[in-house]
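Residue numbers (the working numbering), protein chains in the order written: chain A, 1 to 343; chain B, 1 to 343.
I should point out that these hints are in silico values taken from the structure, not numbers from a laboratory. Hints may contain errors.
Note: identical chains are not told apart, hence a pair may lie in one copy or across any two.
What the hints assert, rightly or not - Mimicking BS3-like on lysine-lysine, the simulated pairs with C-alpha atoms at most 25 Å apart in a straight line are: (1) Lys-338 x Lys-169; (2) Lys-141 x Lys-338; (3) Lys-27 x Lys-338; (4) Lys-141 x Lys-27; (5) Lys-169 x Lys-27.
Quantities reported herein were computed from a predicted structural model and do not represent experimental measurements.
Residue strings, one per chain:
2 protein chains.
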Amino acid sequence: MRLATIGFGNVGRALAILLAQKADELKSRYQLTFSWTGALTRTAGGWVAPQGITALEFASEGWPAGAAPRQSWPIRGHAAEFITACPADVLLELTTLDPVAGQPAIDHIRAALWAGRHVVTCNKGPIAYAYHQLQALAAEKGLALRFESTVIDGTPIFNMVESSLPATKISGFRGLLNSTSNYVLDLMSAGETLEVALEAARRIGVAEADTGSDLEGWDAAVKATILANVLMGATLRPADVERLGLGAEAMRREMNRLRRGRTLKQVVECIADAGSVRAWVRLEALRAEDVLAHLSGTQSALTLRTDTMGDLTIIPGAGGPEQTAFGIVADLVSIAQKLDQVH
Amino acid sequence: MRLATIGFGNVGRALAILLAQKADELKSRYQLTFSWTGALTRTAGGWVAPQGITALEFASEGWPAGAAPRQSWPIRGHAAEFITACPADVLLELTTLDPVAGQPAIDHIRAALWAGRHVVTCNKGPIAYAYHQLQALAAEKGLALRFESTVIDGTPIFNMVESSLPATKISGFRGLLNSTSNYVLDLMSAGETLEVALEAARRIGVAEADTGSDLEGWDAAVKATILANVLMGATLRPADVERLGLGAEAMRREMNRLRRGRTLKQVVECIADAGSVRAWVRLEALRAEDVLAHLSGTQSALTLRTDTMGDLTIIPGAGGPEQTAFGIVADLVSIAQKLDQVH
Numbered sequence: 001m002r003l004a005t006i007g008f009g010n011v012g013r014a015l016a017i018l019l020a021q022k023a024d025e026l027k028s029r030y031q032l033t034f035s036w037t038g039a040l041t042r043t044a045g046g047w048v049a050p051q052g053i054t055a056l057e058f059a060s061e062g063w064p065a066g067a068a069p070r071q072s073w074p075i076r077g078h079a080a081e082f083i084t085a086c087p088a089d090v091l092l093e094l095t096t097l098d099p100v101a102g103q104p105a106i107d108h109i110r111a112a113l114w115a116g117r118h119v120v121t122c123n124k125g126p127i128a129y130a131y132h133q134l135q136a137l138a139a140e141k142g143l144a145l146r147f148e149s150t151v152i153d154g155t156p157i158f159n160m161v162e163s164s165l166p167a168t169k170i171s172g173f174r175g176l177l178n179s180t181s182n183y184v185l186d187l188m189s190a191g192e193t194l195e196v197a198l199e200a201a202r203r204i205g206v207a208e209a210d211t212g213s214d215l216e217g218w219d220a221a222v223k224a225t226i227l228a229n230v231l232m233g234a235t236l237r238p239a240d241v242e243r244l245g246l247g248a249e250a251m252r253r254e255m256n257r258l259r260r261g262r263t264l265k266q267v268v269e270c271i272a273d274a275g276s277v278r279a280w281v282r283l284e285a286l287r288a289e290d291v292l293a294h295l296s297g298t299q300s301a302l303t304l305r306t307d308t309m310g311d312l313t314i315i316p317g318a319g320g321p322e323q324t325a326f327g328i329v330a331d332l333v334s335i336a337q338k339l340d341q342v343h
Numbered sequence: 001m002r003l004a005t006i007g008f009g010n011v012g013r014a015l016a017i018l019l020a021q022k023a024d025e026l027k028s029r030y031q032l033t034f035s036w037t038g039a040l041t042r043t044a045g046g047w048v049a050p051q052g053i054t055a056l057e058f059a060s061e062g063w064p065a066g067a068a069p070r071q072s073w074p075i076r077g078h079a080a081e082f083i084t085a086c087p088a089d090v091l092l093e094l095t096t097l098d099p100v101a102g103q104p105a106i107d108h109i110r111a112a113l114w115a116g117r118h119v120v121t122c123n124k125g126p127i128a129y130a131y132h133q134l135q136a137l138a139a140e141k142g143l144a145l146r147f148e149s150t151v152i153d154g155t156p157i158f159n160m161v162e163s164s165l166p167a168t169k170i171s172g173f174r175g176l177l178n179s180t181s182n183y184v185l186d187l188m189s190a191g192e193t194l195e196v197a198l199e200a201a202r203r204i205g206v207a208e209a210d211t212g213s214d215l216e217g218w219d220a221a222v223k224a225t226i227l228a229n230v231l232m233g234a235t236l237r238p239a240d241v242e243r244l245g246l247g248a249e250a251m252r253r254e255m256n257r258l259r260r261g262r263t264l265k266q267v268v269e270c271i272a273d274a275g276s277v278r279a280w281v282r283l284e285a286l287r288a289e290d291v292l293a294h295l296s297g298t299q300s301a302l303t304l305r306t307d308t309m310g311d312l313t314i315i316p317g318a319g320g321p322e323q324t325a326f327g328i329v330a331d332l333v334s335i336a337q338k339l340d341q342v343h
């Protein structure tokens with residue numbers, strides 16, 4: 001399976017390492033070997049190597065050095081040309097999120113599908129803003145569009161629902177989807193100020209420099225949109241997700257008001273009600289009986305409301321670039337298995 | 001897909017109803033229709049109808065009445081003949097557990113595989129006592145042996161690991177696998193006596209008449225054996241699972257000793273250590289930080305230790321014959337999808 005990537009940062013590096021580490025298992029268990037035929041990044045240019053380099057070469061030699069002959073590729077603004085020119089089975093869209101419109105990732109994915117490439121992305125933007133259109137295009141072309149790693153770092157959600165919850169109707173969900181907010185609230189409940197807590201979140205790599213999107217619920221709203229549109233057939237835009245009483249000031253106020261025995265968390269919830277789907281993000285003072293109250297600040301969780309298995313909760317222990325990379329591997333294996341089915 | 005069943009009780013009835021309810025979805029989404037070609041039960045005899053009756057007929061008319069022509073089948077002791085004579089794609093092994101040796105279910109499954117039938121079972125016995133042999137026979141015959149509903153009532157565990165955790169090594173697990181014990185402990189912590197709690201567990205249908213297997217950890221040991229052998233490649237027998245300080249007397253004693261803020265649960269744990277796998281069941285006084293401490297008595301939970309996603313926890317909300325039946329449907333869909341792959 002030949003991979004081309006747009007965007008190559010922490011996740012891309014973790015993916016190259018994981019594919020190298022798991023090469024034997026992927027080959028023996030799934031008859032799968034991977035090669036990289038090209039990469040394009042916004043800041044460092046790109047390369048195309050039609051004959052491909054191995055994950056091991058990519059992982060150990062770093063980017064863009066290496067032994068295989070490559071063409072240098074012009075930087076930025078040439079994504080569509082790169083996608084068309086780079087021979088690949090799968091395009092990995094690993095650029096960072098543009099939270100306002102999901103671009104240019106939507107264009108990258110569209111170009112890849114037109115060029116006959118399957119697509120795997122961990123970029124929330126295109127799935128939150130254009131899932132139904134992109135999925136329709138992929139279906140029309142007989143190609144796969146997969147995005148396990150867009151919500152909770154590669155935790156099996158979309159793959160699990162698709163393969164292990166057949167004929168199941170999902171009527172809602174509830175969860176903790178933003179680590180930064182919940183890590184900060186955790187430290188605040190231990191007596192830290194919001195500023196100190198934010199600094200700590202940045203230090204351990206949970207938070208980016210700009211945490212507005214986290215604290216204001218925008219990150220959670222984007223994830224809720226993806227879950228609602230993919231799992232419940234909704235047609236929400238991120239702006240449709242109600243963000244209720246969020247932000248730094250609200251966090252301070254609610255923490256001061258918090259009653260003994262309660263835990264303050266940023267909670268996402270979604271319900272299908274009389275044909276329409278409503279979703280919101282808010283601060284909740286969780287009771288001790290609530291399992292979500294007992295997760296540490298960095299832990300995410302998702303409860304799916306189903307008509308077959310009741311409320312099904314999944315809680316990953318770890319989250320980070322390695323887990324995001326793992327979700328991409330799960331998507332790649334899933335594509336390979338569907339290809340086997342077709343041929 | 002033609003189904004024959006050995007054993008037809010609460011789970012069989014729930015399965016017939018679920019297949020009838022989900023018939024449209026199973027047909028449109030998976031191109032799957034089901035018919036029942038026969039049933040054999042220990043107490044009520046059996047029938048074979050080569051042309052099959054629909055799930056709707058089976059669910060609405062009950063067993064063994066119905067319009068389709070059927071042969072009456074001799075009761076008990078004719079399982080192998082029934083399996084061979086009844087034309088079917090899948091044999092459902094739904095008899096109740098014999099905890100000592102897994103028989104006669106192992107013989108049923110072996111006969112079905114020799115007769116060229118795929119097998120789906122919710123019976124813990126054969127998987128706990130003979131997983132590796134039965135799986136090897138199934139593989140040799142090119143047939144599927146599936147058993148999602150043997151552990152936590154149809155919660156996606158085996159299907160999830162198989163389809164959504166590729167190339168993942170599972171090095172251990174921990175969880176709550178016996179509802180009766182944990183429901184009883186829940187009521188005891190609220191001040192009830194063990195006897196009253198047991199009676200309540202029977203009344204709500206969590207416990208059977210004989211609760212020795214639950215309180216003594218035998219039920220949990222059987223499930224731990226299945227998880228260890230299937231997910232970790234171990235070769236445990238249920239007797240190899242250490243059952244430490246269990247039973248009614250131990251429950252009373254530990255409850256009296258329990259410190260404030262702790263919760264007493266029957267916990268199962270398994271670790272792979274230097275090539276060998278060790279598993280045990282015991283009463284644990286869980287700290288408040290432990291998510292398992294905050295589950296209600298009837299809730300099960302399983303945490304898988306993985307090398308790709310860290311500790312992954314799954315908690316189903318509901319458990320009962322409907323969920324067990326759902327796990328069987330998930331297994332049937334999975335078999336159908338693999339068949340598509342082959343043809």
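If the cutoff is 25 Å on CA atoms, where do Lys-338 and Lys-169 land: within, between, both or neither? Let me know, please.
-> For Lys-338 and Lys-169, both the intra-copy (23 Å) and inter-copy (23 Å) Cα distances are at most 25 Å.
Is the C-alpha distance from Lys-27 to Lys-338 at most 25 Å within one copy, between copies, in both cases, or in neither?
-> both (16 Å within a copy, 19 Å between copies)
Could you figure out if Lys-169 and Lys-27 sit no more than 25 Å apart (CA to CA) within one copy, between two copies, both or neither?
-> between (35 Å within a copy, 15 Å between copies)
Is the C-alpha distance from Lys-141 to Lys-338 at most 25 Å within one copy, between copies, in both cases, or in neither?
-> Classified as both: same-chain Cα gap 14 Å, cross-chain 23 Å, threshold 25 Å.
How would you label the pair Lys-141, Lys-27 (within, between, both, or neither) given a Cα cut-off of 25 Å?
-> between (28 Å within a copy, 24 Å between copies)
Violated hints are absent here; each numbered hint is respected by the structure.
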